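2 protein chains.
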Amino acid sequence: METSLFWIVPVSSALALLLAWYFYRQMKAESEGTPTMECIALHVRTGAMSYLKQQYKVVTMVFVCLVIFFAIMAYGFNLQNHWVPVAFLTGGFFSGLSGYLGMKTATYASARTANAARNSLNKGLRIAFRSGAVMGLVVVGLGLLDISFWYLLLQYCIPEDVMNPASKLCVITTTMLTFGMGASTQALFARVGGGIYTKAADVGADLVGKVEAGIPEDDPRNPATIADNVGDNVGDVAGMGADLYESYCGSILATSALGAAAFIASGDTEMQFKAVIAPMLIAAVGILLSILGIFAVRTREDASMKDLLKSLSFGTNLSSVLIVFATFLIMWLLGIDNWINLSISVVIGLVVGVIIGRSTEYYTSQSYKPTQKLSESGKTGPATVIISGIGLGMISTTIPVIAVVIGIILSYWFAAGFDFTNISMGLYGIGIAAVGMLSTLGITLATDAYGPIADNAGGNAEMSGLGEEVRKRTDALDSLGNTTAATGKGFAIGSAALTGLSLLASYIEEIRIGLDRIGTAILELPNGIEVAVHEASFTDFMMYYDVTLMNPKVISGMFIGSMMAFLFCGLTMNAVGRAASRMVEEVRRQFREIKGILEGKAEPDYARCVQISTKGAQHEMVFPSLLAIIAPVATGLIFGVPGVIGLLIGGLSSGFVLAIFMANAGGAWDNAKKYVEEGNFGGKGSEVHRATVVGDTVGDPFKDTSGPSLNILVKLMSMVAIVMAGLTVSWSLF
Amino acid sequence: METSLFWIVPVSSALALLLAWYFYRQMKAESEGTPTMECIALHVRTGAMSYLKQQYKVVTMVFVCLVIFFAIMAYGFNLQNHWVPVAFLTGGFFSGLSGYLGMKTATYASARTANAARNSLNKGLRIAFRSGAVMGLVVVGLGLLDISFWYLLLQYCIPEDVMNPASKLCVITTTMLTFGMGASTQALFARVGGGIYTKAADVGADLVGKVEAGIPEDDPRNPATIADNVGDNVGDVAGMGADLYESYCGSILATSALGAAAFIASGDTEMQFKAVIAPMLIAAVGILLSILGIFAVRTREDASMKDLLKSLSFGTNLSSVLIVFATFLIMWLLGIDNWINLSISVVIGLVVGVIIGRSTEYYTSQSYKPTQKLSESGKTGPATVIISGIGLGMISTTIPVIAVVIGIILSYWFAAGFDFTNISMGLYGIGIAAVGMLSTLGITLATDAYGPIADNAGGNAEMSGLGEEVRKRTDALDSLGNTTAATGKGFAIGSAALTGLSLLASYIEEIRIGLDRIGTAILELPNGIEVAVHEASFTDFMMYYDVTLMNPKVISGMFIGSMMAFLFCGLTMNAVGRAASRMVEEVRRQFREIKGILEGKAEPDYARCVQISTKGAQHEMVFPSLLAIIAPVATGLIFGVPGVIGLLIGGLSSGFVLAIFMANAGGAWDNAKKYVEEGNFGGKGSEVHRATVVGDTVGDPFKDTSGPSLNILVKLMSMVAIVMAGLTVSWSLF
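Chains as they are written, first to last, in the working numbering: chain A, 1 to 734; chain B, 1001 to 1734.
Since the hints were derived computationally from the structure, they do not count as laboratory data.
Some hints could be false.
[Stated by the list, open to error] Derived pair list, reagent style DSS-like, types lysine-lysine, alpha-carbon separation capped at 27 Å:
hint, chain 1, residue 1, chain 2, residue 2
1, B, K1306, A, K595
2, B, K1615, A, K373
3, B, K1379, A, K674
4, B, K1123, B, K1373
5, B, K1310, A, K684
6, A, K373, B, K1306
7, A, K674, A, K57
8, B, K1373, B, K1674
9, B, K1379, B, K1028
10, B, K1306, B, K1595
11, B, K1615, A, K369
12, B, K1595, A, K379
13, A, K674, A, K310
14, A, K615, B, K1379
15, B, K1674, A, K379
Please read these numbers as outputs of a predicted model, since none were measured by experiment.
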């Protein structure tokens, strides 16, 4: 019976891909509008595609090097499973493919959305939302397809271990984590590269165009405007796609690995099998519910703004509520031990996600006090805007952290059957809570991805001179997306923390396999007791490696982990600063040297700006990304297992808080500026406006480059540690 | 023989206080200059003293509440030692006294320094430096006096434990930590309150005076200028004095407690006694060497700037080099086990401090690339200055963290005799390395405290219209101080991390005493082994409470700890933002409403600005400071011992990195502005200058309010946890 349930997984992922294809065709059938609109869309599309090509070239080189390295480790030194290099490759490939397909759709959809908005708001919404849904469905479809493919392949290829049949599933699930590492590597490059690209263009366009020359956003006289629109696609669409592909797969894979580990000691392979496929099943049903939710988003032809908002929220809420019931059903059908408590863990995850989402909205939306006060601090100039924004961002970390802490404790406590010493089941509960949060990613990502499409549609409308009314409609669509996207963001942030923890637990599991591989069969614990590696518990490993908080190696690792989060942010912030400076100088140069540019008589050199952003991004993204891969390896070689665990947990706790701080400060600055532009405190062009534009510019790399990359960084470091565990257990300096 | 050595401690602290008194009298004998100078100095002095009075009133109320609470805990529920309330009070009192005396000296010295600078640079240096030395000597003198007083008192009052004589010293040393908690509480209030005061005034004065009205710094036409000068005294002098008193005592007390713990299992009370007094002896000899160093700072009458710098560096370097030899001598005379290795740990601490100091200098001084590039980023406006400064600050955390990690590992490794399982000796090594760093605080604090005196002298010279030449000399003195202060700052930062770790270890020790008090004699470890509480090792406690990195309570504590660091910074940043906004509005109002103010015909209402800063500081400082006291108690009540340990270590690792980031970003912004003012990139009044002034304004609360408070926060949370351990071991929710 359970085997038959598994087939839901590949089937629902195929369904998601088919539906994505259908939506894509449907969107392509619409008209792109006037020749000018077509031409602009083509400009943006070519720019975005050529950037992505360039990006994938660099990433391919990195992947080739890593694959060679893994192959040597696996085949030369037998420190790794032989499947590692291939699994790593497919993870990277599918993650990149998700980004590519999402971006392709987005670049086709923007002009069509603008054109549809000429008729009505409702028509604009439908095209933009369904195009966003393509991205959502592609991510979950490809993710789950890849997972089921590897699961079936490894089931078939890895021989049964007669001595210990329970360990086969452990080997399968930890090998599959390698594919997660491929996805994370690709995602980090996409986020960092795309983030630098888009923010360099954005900052450049804003600082010179809006502040110095005083021309509106997306004005065709601004040389950086095409680069800015290309940036929205490569950063906010392709980057986000790769990012969420990574989160989605990471949470499922880590939880499966924990499920395999939770039942290894009992030797009950049937229950182990159920625990491994449970997260996949929840994700599969989540896809079906997302599709239901997407079709539930429909409005009457003459719908008002309020109707649209209601309809959009209805779709996402429907999926989220139904997944609760579905989880109980799946767990019961599967007949997994302790099914009620595990299902409650999933519900806890969902509630935590909603709380984080609400708190994000409260701190960053101009409908609430904090952001309004931030706008007001512009009365005393840009310096107080920056001080207040940083203060706001730092304070805003409180609710999400408390929510996550409550989520960790309760999901662990329920899953462990109210017994804190039942570590493996407790950790499995944390993992499955993260899977619950991301299970309806199909629809939450749709509401997230449709934002940049509406934004680009606005850009197209402005550049094509479609008039005030159309621009207003696309702006309305954009702000609509911002409101509904809050929940999705809450889920993404919360799941990152929980998945980070699950990966940490998987690392311990991988240590077991690594010890096995180098021939260590018995652990001698410090109190003189001997335990077989096969039967050692989490606590035994902790004792064996002395992973307590008084071990200086653990503490050193933690300091390095905290530092890594800051160093990584600093490097990416500086990269944006440098690339933006070059962009500012170029735009100023063009305004100065190309005569008649500001009167609209001469065309600016768009291509030059696109080139500056591309070069900046490609040049700057490699070092910080490689650092994330090198740090856990180096820490392992110097401080061994305790150092690596310290590094991961230090990076997780600092990185998580730092990421929320940066995301919220950036979001609040953005909306504080918008609040002023809505006519408050003097409105557009006032001193207060100028001050809040400075805040917005500083916030750009916060919220779109450094902040979101941090979540990937933390997970990638864990994955690298897992993949390299074989090396760490065999040698370290101290 | 060892008992006779102990007497060096009270004797050298008395000597320090006597010499401070002598320097103070010497300074008072100098002339304050013209009547205008006297009058301005009086204004500043009265403002500062009345602020401090107000501040101490609020702090006294908080102390009264806490003492009542501790008394109930100690006498009512027997959850604490009976000496706790009194020890707590004296710690707070002496910390406050250090700040008061230092500030009193500084406010008398500034006009005299300005007056002396009318004659020569050298004369100005002598008065400013010796007045700074008063502060340095008062801090170390009072600190060590208080420590020896309590040590002797408790030796006499606490009865010998016949069952376990070794535990008497443990009870003494952990009780003395309560006095450290008093000092930390006072220091946190002083830093936060003083920091808010000074930065609100500074930001207000700069934003309206310098940027909007275009009048120079310290111009008497600026209504906030007196408040600004008062702020330098209450924040940079009184705040810093209380802060370093706390660091100094904290490092000695924590190390003594570790020394007592390290030898408890062996039952060798003589060696235990030696380990307890060793840090006090190093500190005492450090005082003597500091005095030597202070007298070594002397120059010829016609000394050039270069000569002065050389002389100042010679003094500090002399003390630092001699302390190395002295340490070996003390350890040998004391006949402590493993004396060579322990002395090497001290040397390691000193080297780490020097590296951190150099790295701080590299990232924040305008003589090096990073700050120069930061100035250059002003070409593209304030937004890029902020982005680059944040990037620079984040990247600058790398070297200090790596230095501290190497310091932790090596000082542990040497002290533990190259055996990582020898935890208590290893931790003692980390503690003694921190003591080494702070042992020459007498002179390093002198070079640090003389900066604000020179700064104020400059303010006095400007307001009294003493002319360009005198102002130039006071500016030179100020920048001289900045260069030599780098090493002192490195020692302070490095010691904070190491002391934080020592306190964590002391917490475990206090758990033992707490269990003893509630009548738990035997620990049942998870593997079934039973250990007597008296004989349990660090690892046994870790196992008993399951303080591993897979325990969700530990992880929850770590998330909360990281969050606390950010929340605390956010609250203090916002407090500065709010108070500064009010100040800006007030200064603008005065410029608008008081006619003739900008022409120098009407006197501004200085008192009003002083009042705004005072109110802002008093109002805003209470909540964040109380949070630091409540967080560990609440975490303990909810998550028990594992949660508290997680909280402390999460707060330590995130807080340490965050503190370096904020201090360095702030310092770099400050000097980037100065670099522009020196005539680079357009010099004063240019667009680049305006952009860097925004950076400097944002950096003010970074480097003088939030950043330095963080180090105290981390230690205060540990001390609170230690003092409240009795409660935590007796009850927790999970």
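To see whether the hints hold, each was checked on the structure:
At roughly 53 Å between alpha-carbon atoms, B/K1306 and A/K595 are farther apart than 27 Å, so this suggested pair is violated. A distance of roughly 21 Å separates the Cα atoms of B/K1615 and A/K373; the hinted pair therefore holds under the 27 Å criterion. Proposed proximity of B/K1379 and A/K674 is supported: the alpha carbons are some 26 Å apart, at most 27 Å. About 36 Å separates the Cα atoms of B/K1123 and B/K1373, which puts this hinted pair outside 27 Å; it is violated.
Distance hint between B/K1310 and A/K684 is unfulfilled; the C-alpha atoms sit about 55 Å from each other, more than 27 Å. Using a Cα cut-off of 27 Å, the hinted pair A/K373 and B/K1306 is violated, with the two alpha carbons roughly 49 Å apart. Straight-line distance between C-alpha atoms of A/K674 and A/K57 comes to about 38 Å, which puts the hinted pair past the 27 Å bound. Pair hint B/K1373 plus B/K1674 holds up; C-alpha atoms about 13 Å apart against a cutoff of 27 Å.
Between B/K1379 and B/K1028 the alpha-carbon distance is near 47 Å, which puts this suggested pair outside the 27 Å criterion. Restraint check for B/K1306 and B/K1595: the C-alpha separation of about 46 Å exceeds 27 Å, so the hint is violated. Simply put, B/K1615 and A/K369 have alpha-carbon atoms about 23 Å apart, close enough for the 27 Å limit, and the pair holds. Note on B/K1595 and A/K379: the hinted pairing holds, with a Cα-Cα distance of about 23 Å set against a maximum of 27 Å.
Only pairs whose Cα atoms come within 27 Å are accepted, and A/K674 paired with A/K310 is accepted, the gap being roughly 23 Å. Taken as a hint, the A/K615 and B/K1379 pair is honoured in the structure, with Cα atoms around 21 Å apart against an allowance of 27 Å. Of the pairs offered as hints, the one joining B/K1674 and A/K379 holds, with about 26 Å between alpha carbons and a cut-off of 27 Å not exceeded.
Of the numbered hints stated above, those contradicted by the structure are hints 1, 4, 5, 6, 7, 9, 10, listed in ascending order.
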